[in-house]
Every structure is written in C-alpha cells, then in structure tokens.
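Bring the two chains, given one by one in their own frames, into a single complex with the hints.
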Amino acid sequence: DGGITQSPKYLFRKEGQNVTLSCEQNLNHDAMYWYRQDPGQGLRLIYYSQIVNDFQKGDIAEGYSVSREKKESFPLTVTSAQKNPTAFYLCASSIPRDTQYFGPGTRLTVL
Amino acid sequence: EDQVTQSPEALRLQEGESSSLNCSYTVSGLRGLFWYRQDPGKGPEFLFTLYSAGEEKEKERLKATLTKKESFLHITAPKPEDSATYLCAVQSGDKFYFGSGTKLNVKP
Numbered sequence: 022d023g024g025i026t027q028s029p030k031y032l033f034r035k036e037g038q039n040v041t042l043s044c045e046q047n048l049n050h051d052a053m054y055w056y057r058q059d060p061g062q063g064l065r066l067i068y069y070s071q072i073v074n075d076f077q078k079g080d081i082a083e084g085y086s087v088s089r090e091k092k093e094s095f096p097l098t099v100t101s102a103q104k105n106p107t108a109f110y111l112c113a114s115s116i117p118r119d120t121q122y123f124g125p126g127t128r129l130t131v132l
Numbered sequence: 118e119d120q121v122t123q124s125p126e127a128l129r130l131q132e133g134e135s136s137s138l139n140c141s142y143t144v145s146g147l148r149g150l151f152w153y154r155q156d157p158g159k160g161p162e163f164l165f166t167l168y169s170a171g172e173e174k175e176k177e178r179l180k181a182t183l184t185k186k187e188s189f190l191h192i193t194a195p196k197p198e199d200s201a202t203y204l205c206a207v208q209s210g211d212k213f214y215f216g217s218g219t220k221l222n223v224k225p
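Protein chains in written order, with this note's numbering: chain A, 22 to 132; chain B, 118 to 225.
Bound-form chain B, shown alone (with noise of 0.2 angstroms):
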C-alpha cells in the first residue's frame, strides 16, 4: 500500500536552531516529491518538487534532499516567520499521497 509518513508531528526550534524534517514513503513508481508550506487556514504553498535520488533543492533558508527510501528538508538558522506546516507528497501514478505533516513553531 502507497503510504507516505511525516515525522516528527511538531518540532519547536528556538530561532536560529538548524533542524531537518522528514518524509519517509513507500510507493510503486515514484514519479516525484513534493514539498508544501501550509500556514493555518490556507491553502498550501509549493515549495519543491524532487524528482530522483541524490536530487537537492534550495531556497532560502530551506533545503530538501531526496533518498530512496525518504526526503528531508532542512531548515538552517529558522526565523518565527518560517513557523508553520510542512507537508511533504509523492506522486504514483496520476495520484498524490500526502503526509499528514510536520508542524514547527520557531521562537524568538
């Protein structure tokens, strides 16, 4: 079964506090990864798409890397406004899998 695991559910981070995020899954025919930032009440913003192992994206103060098995994204030196949702996706198919996301609270 197509499944796709987020951990952990929250993280808090002082600010300035490098951290990762993962997303682990298990599915026939990965077509590609995708991550999303979700603040409360919105929609998701896309943030990556990862297409193959080995494969990394930056932007900003956030960058994603893509295993066989799983991605991370990685957070260097977070800021309260990154705090929000992290959602990661893979897509089988013509279908997307969500994780059911990582929340992360930065503090000043």
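Bound-form chain A, shown alone (with noise of 0.2 angstroms):
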C-alpha cells in the first residue's frame, strides 16, 4: 500500500526550540517538497529535492532545514530562527517534474 506519511499529525514548540516534523513515502519517487499552509493563502514552498544528498531553498527558507539521506524520508527541522512557524505543513513527492502527491499533513502550533 504505497504512499507518505507525516509524522506528527499535531506538534506543539515552545519558544526558542527547534522541532523536526517526517515525512517518509514508499512510492519511489525521486522528488520531495515541503510546504507551509497558512489560512486563506496558497501553499508556499519551503525546500525541495529532486535526488538524495540534494535539496534547494524554495520561497520561504529562512528559518528552516531540511535533510536528505535516504531516498524515502526527507525531514524538515523548524529552527528558533522562525519567528512565526504556527502553520500546517505539508510534504509532497513526485517522479521529478510530474504530479505531486501529498502527505496528510503536521499542525505545528508554537505556545
């Protein structure tokens, strides 16, 4: 049964602590993205990676990292740089430059 999965579903930070949110899918695609959703706007693109070892700042990096060791799982830290990370997060995967199919998503709320 292929697909991504997301993990946490909910995730709460305190101030000044870095989280990590996974993402890990089993569809073999090359591609990984990650997005943040905020009420009433579009997706926006934080990073991507079209291959292992690899990955490119998307539209809103700052305050956030991402890694990609394995092919399957692509992580994505929310650093204390990010002044307002409070957002739903979606991960994405595609054969490079074709249909990107989502995760079920992570609710980051900061307290």
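Misleading hints may appear alongside valid ones.
[Stated by the list, open to error] Only some residues are given here: those of chain A computed to face chain B with a beta carbon under 10 angstroms:
#1 Gln27
#2 Gly79
#3 Ile81
None of these hints come from the bench; they were simulated from the model.
Don't be surprised by glycine CBs; every beta carbon is placed ideally from N, CA and C.
Spelled out as structure tokens, the structure:
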C-alpha cells in the first residue's frame, strides 16, 4: 500500500525550541517537497529535493532546514530562527517534474 | 513574476446547481497544471493534470479544461460531498505555484 506519511499529526513548540517534522514515502519517487499552508493563502514552498543528498531552498526557507540522506525520507526542522512557525505543514513527493502527491500534513502550534 | 489566481474565493451552490471554478496563471514555460481537492485538516488529494491548451479531463461530476491563460474546473450537478477547497497549481521548471483555492459549499 503505497503512500506518503507525515508525523506527528499535531506538534507543539515552545519558544526557542527546534522541532523536526517527519515525512516518509514508499512511492519510489525521487523528488520530495515541503510546503507551508496558512489560512487564506496558497501553499508556499519551503524546500525541495530532486535527488538524494541534494536539496534547494524554496520561497520561504529562512528558519527551516532539511536533509535528504535516504530516498524515502525528507525531514524538516523548524528552528528557533523561524519567528512565526504556527501553520499546517505539507510534504509531497513526485517523479521529477510530474504530478505531486501529498501527505496528510502536520499542524504545528507555538505555545 | 509567476502567479496563480483562483476565483471565486468561495462559492455556495445548491445541490444539483452546476458551476465553474477558475484558475488563471502567468508563468513562463508551463509544464503542467494540476487540480487538487482539500478537505479541512487534510492534505490535498490529486484530481487532474493538464499539460497543453485544449486538453480536457473528466472524473465523475468534475471536468477540467485548459487554455493558454487559464483553467476551469466544471462541476456538474454537485452533491454535498463535493464540498471542499479546490486548489490549482502550475509547474514552471522544477517549482510548483499554488493558488489560494476556492472553497466550495454545496447545500442539500
């Protein structure tokens, strides 16, 4: 049963704390993406990776970091430098330059 | 600047009342246009991919069309279970650009 999983579903962060969001896919896709969704706005690209051990900044990468050590995994760390991290975070994967498929999302809230 | 605009922001329909959602775009080198459905608190669910002007795709009550400047998602005789936010995205190079969505509410 192929798909994309994200964990946790809900995450709470204290001021000054780093947190890591997990994204795993078993679709054998080379490309993976992280987006942020805020109410009333379109999805905004944080980081993307077209191949293992390589990734590029998206439009709003400041305060975030990623790694791509395995094809199946693309974790996102929200650092303390991200001043407004409360949002819904979505991970997606695709064959490069083709349709993206999304995970169920992680809702991050700053306490 | 690459941009995607969806209209209307919200749409209320009676069950069975057909209508269309619009996605207009300005991107250089369009590689594809994508429609997704998103339910509250969930990830977007893929509906259609369109690659060239004149292309059409259908799935149940939904039909997507594409011109050089915009795409339409036609909903024929909608049902309450069609209520959701519909997102449009375009691909230019390696990046995808999303509109802010149309929130559809179908009343019984």
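**Message:** Min Cβ distance, Gln27(A) to chain B: is it shorter than 10 angstroms?
**Reply:** It holds, given that the least Cβ distance between Gln27(A) and chain B is near 8 angstroms, below 10 angstroms.
**Asked** Should the interface hint for Ile81(A) be scored as holding, given a Cβ-Cβ cut-off of 10 angstroms against chain B?
**Response** violated (12 angstroms)
**Message:** Would the hint on Gly79(A) be counted as holding, given a Cβ-Cβ threshold of 10 angstroms to chain B?
**Reply:** This hint holds: Gly79(A) lies near chain B, its Cβ roughly 7 angstroms from the closest one there, short of 10 angstroms.
Against the hints set out earlier in the document, a violation occurs for number 3 only.
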